[in-house]
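Visitor: Work the whole structure out from these sequences, hints included.
To convert, note that position 48 of the sequence shown is 871 in the working numbering; the numbers rise steadily by one, no gaps.
Among the clues, some could well be false.
Unchecked claim - Just the calculated beta-carbon pair ranges, DEER-fashion: (1) E895 to R875: 13 to 21 angstroms; (2) D850 to P914: 33 to 41 angstroms; (3) D850 to E876: 37 to 45 angstroms.
Derived by calculation from the structure, the hints in this document are not laboratory data. All values reported here derive from a predicted model rather than from experimental measurement. Where a beta carbon is used, it is the ideal one built from N, C-alpha and C, also for glycine.
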Amino acid sequence: MKKTVLAAGVLLLSLGFTSCDDDDIEDVACETAEGTLETAVEQTYAAYDDDREDADKCQAAKDAIEEYRDLECTEETAYAVEYADVLLNCPD
Numbered sequence: 824m825k826k827t828v829l830a831a832g833v834l835l836l837s838l839g840f841t842s843c844d845d846d847d848i849e850d851v852a853c854e855t856a857e858g859t860l861e862t863a864v865e866q867t868y869a870a871y872d873d874d875r876e877d878a879d880k881c882q883a884a885k886d887a888i889e890e891y892r893d894l895e896c897t898e899e900t901a902y903a904v905e906y907a908d909v910l911l912n913c914p915d
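Guide: Here you go:
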């Protein structure tokens, strides 16, 4: 998460020197975060899928999917199959 925030901050600073309006900057920042979090979802879910007995890996996949879904530029139903899987298999 810290890397995502740092990358988005650097991107916003670099865009501050261009002639973009606020909406363009927000769109680019969200799309950048989306790409980063998409990678995190894929990696954490793959790690969980390789070792379904590991509760920490299950929780990491669940957290990554929820964080991805919380972005303004992503769908709330993204990774629906994977999310249902971790909800069924992660301990509470």
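Visitor: Does the Cβ-Cβ separation between D850 and P914 fall within 33 to 41 angstroms?
Guide: Check passed, 38 angstroms falls within 33 to 41 angstroms.
Visitor: Just tell me: holds or violated, for the beta carbon distance of E895 and R875 against 13 to 21 angstroms?
Guide: Violated - the Cβ-Cβ distance for E895 and R875, about 32 angstroms, lies outside 13 to 21 angstroms.
Visitor: Quick check on a hinted range of 37 to 45 angstroms for D850 and E876, using CB atoms only.
Guide: For D850 and E876 the Cβ distance comes to about 41 angstroms; the hint holds.
In this structure, the one hint that does not hold is number 1.
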